[in-house]
Amino acid sequence: MRPAPRLARVLRLGVVALVVGASAATGVTAPALADRPQPVTPRAAVAGDAWSQTKSMERQFVAADGTSTAISDPSTGSPWQVSVNVDHTQNLRGRERVGITWSGAQPSAGRANDPFGPGGMSQEYPVVVLQCRGTGDDVRPETCWTSSFNQRSQVSRSENDAAWTEDLHASEAATARISSALGEVPGKDVCPDIVEGEEFYTRLVPFVSAKGQVYPACDGKTMPPEAAAEAALPANEIAAFTDGNGSGSVQFEIRTDVENESLGCNKLVACSIVVIPIVGISCATASSLVDQEMSVAEKSCRRTGQFAPGSGNATNVAGDQAVSPSLWWAESNWRNRFVIPVTFGDPPDTCDILDPRAPTGFYGSELLAQAALQWAPAYCLNKKRFKFQHNQMPDQAGFSLMASGGGAAALVSSKYEATGDPVGYAPVALTGFGVGYIVDRPGNAGELADLRLNARLLAKLITQSYTGSSFGAGHPGMEQNPWAITKDPEFVALNPGLTDEASEAAATLLSLSNSSDVVRRLTEYIASDKVAMDFVKGKPDPWGMRINPSYKKIKLPRDEWPLLDDFVPQGGTECKAKNPSTYFNDLAAPVSTMRKIAEALLDAWPNVQTRCDTDLSVTPPIYKLGRVERQHYGDRFMLGIVSLGDAQRYGLRTAALETGKGRYVTPTTDSLTAAVKLARPEGQRGPFEMDMVKLRKAGKAYPGTMLVYAAARLQNLDKKDAAKVAQFVRTATSEGQRPGSGNGQLPGGFVPIRKSGATQALYARAQAVARAIEQQKVPATTPEAGPATVTPGAPEAVPAADPAVAAPAAGPAPAPEALTMPPTKAVSSEWSGRLLPVLLMLGLVFSVVSAVSRVVVLRSRR
Amino acid sequence: MKRLVAALVALVCGVSLPLAAQAAVPYAQIEGTGSTWSELIVQQWIADVNANGMKVVYTGGGSTKGRKDFANNSVDFAISEIPYQGTDEQGQADTSQGRDYAYLPIVAGGTAFTYQLKIGKQQVKNLRLSGETLAKIFTNQITNWDDPAIAKDNNGRKFPSLPIIPVVRSDGSGTTAQFTTWMDKQHPSIWRPYFGRSGLTSYYPKKSGSRMVSQAGSDQVMNTIKGFSGNGMIGYVEYSYAINANYPVVKVKNAAGYFVEPTQYNTAVALTQAKINMDTTSQLYLTQNLDGVYTYNDPRSYPISSYSYMLLPTGGGDQRMSTAKRQTLADFMYYSLCTGQTKAGAYGYSSLPLNLVQAGFEQIAKLKAADPAVELTNRDVKSCNNPTFDGKNPTKNLLAQRAPKPPECDKEGAGPCGTETGTGEPATDDAAPPPADAPPAGEAPPAAVDPATGQDVPVAESGTVPVSGGTQDVYASPDTLSADRAGDRRPFGWLIVVELLALVLLPGLLATALRRRLTSRGAAR
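So the protein sequences, as listed, match chains A and B.
Counting in my numbering, the first sequence runs from 1 upward without gaps.
Counting in my numbering, the second sequence runs from 1001 upward without gaps.
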């Protein structure tokens, strides 16, 4: 029997990790850790899981006379005392993020726009974090992963870039003009780029795969298969930045042999995270006491950097090689490594691709995506269960498909008008949405970890009332509006100490383009706020900002957020002039899934579509339009709507939303539970209603809380399908509510629905609806089948009444539709039709009144 | 020892040990980029196979990017609507740069034309256009919705005077390539003078001074058209995007003279005429020649239908490949070609017919040829759970056979039908799709006469009163006004009755009233 897997491992937010150090630098006090609510992570804490160590390190130059000078921490005059902490190291899953923090390191300089993979190589004094195979002394540079060859090898360098040949701590063989860290240097047939001439220096650091294959790493072709620049899966190794106080942090993504076969980490193959604070190459005895007379390599080795601590390097200018991360493998750097052993959990059992059972699709809500990924194997692995599949699509589309017989059940978060058979709603998940963000504090001082937003700020964002740039500022009626939220005094007061620069990405909230219950919930939140609604209705905020006139008095709440602006700015670059477009649509550029938003946040790549470049190299010139560039590390500012499941899976931060005056609530187990306590059930088998006004009054309830229901027909559903839906509801509300990362368990971002406690009513409702679905006996005329106030005219095409007609696999059986053009509408004036009788009636009434009054008056005179 | 005990316990308890499903070959993550045309269903397949332990990363970016990334060895696979072109628009190489590959058809679909057109405040949802009109719209020859050609396509229904704003893709796009291929083949006299040469392009040429708008990616095209400023816009996307957005699409005229929507059925019917290059020795093996699709005269055929392809790395020494990656590719494709096709319709695509699935298996077999350790046992047509499957006659497409006949009001010179588009539901007069072997649908239903205009209005076969397609959005409202206003007759009728009564009664009443007044005054004195 397999050992009971300690599966209760879910991604953790590196909340703790990222507060350290950052606050002191900017003078902003982050709330004490104890005050911080726990994120919605059902993971049980495992003791002894964290790791920390302190090491002392310094750089030495040996002069021609044998004297040695040390470069050490200027604040203490002694060697750097670097401490590294890792928040968890055991039972990791593929792509799980591990929080790493450090302090006491040398401040970094020349910050890269993108510090991952080859992008981080031009920085100075960074902290290199790598994943390597082996533990302890088994870890060698050759077992450490890099995604490009020039992150590990130095091929045909000039003497000026050959600092490693002067490495004080390296062996003689390692400082030769042409050398390899492993075995012989391959010949021209394998490595044609290695130049033999006197003036060229080469050091190869080959990669050895888990299977023992050696990749020489002298060019892109001699690297393992997973190595690629610009791959779809971004690099995980990073040259991270240390702030002015010597602290820094990263969330490091772990790769197993599934993601990186060549590296080959799994339960049986031990691996480590290697952290190397770069202090610079220590240099061996110089040839001369006089600096000018030293060799080029000797001088190069003794360089101490081109950039000031804390500075950026947006243009990616090469810094000094001796203090760059590209020589992480040189003995002077390698000896300062921290080797953090990590272990991996059992990979979850997986379903057989040859399983002949046809899957049964449930259609709808993306909120359930992360849970469905974990739930699906628990169905196909169990022969007694059906093969469950979650097909994501807009809630409304999923519901229609279910109602028309195209799907066994829909997954939705609110009530939809059932046009045919009655529909029951069984709650299967308690989760919600969040306003995800990635925000860097200015001056390379780390990431913001406690963003706060209120309904009016969200209203300003979604109504596109920030102008974005000088183009948008030309919009009539918005002359006084800030260009971006970072310039809005209301936002600054809530979130002090952030950048005051405006960017187009900071003028928008990346959201969904299609109909979604998430959009409904978000707009319910705005609609429940008087101040926000005053703004929407046209009242300027206290600083004079007005709503974008295109959205003035827009009706809220709503399922789909429309793009209402039509302002086309004039002028600008030649490219803009030649390609006029609706500027505010390009700013908002909503997408069709929340997963895309989560990915955009992870990459800090706004979906703003205002890029307009002219390629003059061809005639006529080609215009390149589309998405702007990725944001630079240190200058990131981006907001987007994400599901709580995705936020937990990818370690995204979500903003605290205002509920009462001065009260801000983040999504936590407690705040979601508090919200669900207020939920009131509708009818016998309807969904629950979570009134936003009550929820805000309660104070500590999270406004983005949402329930996901399995909705299915209570009549005329195929018997087998009905049994499957009932089985799903029962499994989802029992086994599916056990927190953990294993098959069938509930991932982070969800709060368990339990038989007792605050979620008791949800549980009971789910069981009752499951029974009703199974029995298929609810008459069509129950009150919840929808009031009879259906829109006049069309009794909707009735779905096939005979359940046998609904072909099992053949997709939706088209309902008999009457597909003709309606007869021309009776051409008449409604006004005349109604007005005339009304006027006549009025005339009649008045004449009667006048007659009566006359009689009365006459009598009174008497 | 412990293990043995555990195994015994398991046996005694009747608990089966979890079987390592792919004991022979493990999976490794595969990565790809390319087509946004097929991205919506590919992402769903990726979510599905997660249960099988397969990790697939796909980030879209457009077909052109996909082909480039594949050539640069930065991805394991790519998805593209068109094969490598040799040289691209800028005269640069569009080849795999020596990387061995095979084309593998993955899903079929229709390139849909989605639009925003309002009459007053009401959105038109049943617009019909012929290919020629579409080509002229996208080459700036027809620039206003009140153009007579559009009225003619809609059986005389005139649309308001409103400039047409075509929305095209700004990035290198397979959707653009499919659309321009069709224009080049079907309307060369319109397309070629505009383009300045013959052939297709992945980058849509935009003429300065025109109203044409370009946007990157299918999502952005959809956003632009749906937006408030989108009235008058028309653009091209895979049908799936329109369905997801619940937005109308143009019914395009086919060679039989019917205006049809790119539903899974109509696309399947059209693609029965696709000529697939079956020369296994050709570099273009399995690529499509759609000439027959464009001109197929089945009334159910959607003319601009096509397939999307995966570029499969088949080289034995492929730098990025390993046994585990090849196995993942093979099983991911096995799922996609078979079970994955069952949901094509719900997402706005169309399932692959079995001959292509079979050919697809031959391509997958090349992975095993490159690496004998790849396990392909039982991954074949027999175990394939594909909705078009008919073991006896794999060249037949069940979906195409089941496809309902379009309603008569969608025929040229009739209608237009009032049905809403962009819902994924097939439009038909038939009560239900005929069984596989049923003869083609019967004659056109009897026509009725519109009470107001006196025009023929076909009645649904059931003989019930014609109703609109379910919502109260009115579709292109007929603007032919009848001479009188029948609806106003009743109130005016009442008015006449009242007036007559007044004529008779008022004089008498007045007289009595006056007399009373006089007598009462007299009495008061």
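Honestly, the hints are just simulated from the structure, not real lab data.
Check before you lean on any hint, since a few could be wrong.
Quick list of simulated restraints, FRET-style, between CB atoms [claimed, not checked]:
1. A:T76 - B:G1317: 49 to 59 Å
2. B:G1317 - A:Q292: 47 to 57 Å
3. A:A314 - B:A1093: 31 to 41 Å
Owing to the predicted nature of the structure, the values given are computational and were not obtained by experimental measurement.
Just so you know, even glycine gets a beta-carbon here, dropped at the ideal spot from N, CA and C.
Outcome of the hint check:
Judged by the Cβ atoms, the range 49 to 59 Å given for A:T76 and B:G1317 holds: they are separated by roughly 55 Å. Judged by the Cβ atoms, the range 47 to 57 Å given for B:G1317 and A:Q292 holds: they are separated by roughly 52 Å. Taking 31 to 41 Å as the suggested C-beta distance range, the pair A:A314 and B:A1093 conforms, at roughly 32 Å.
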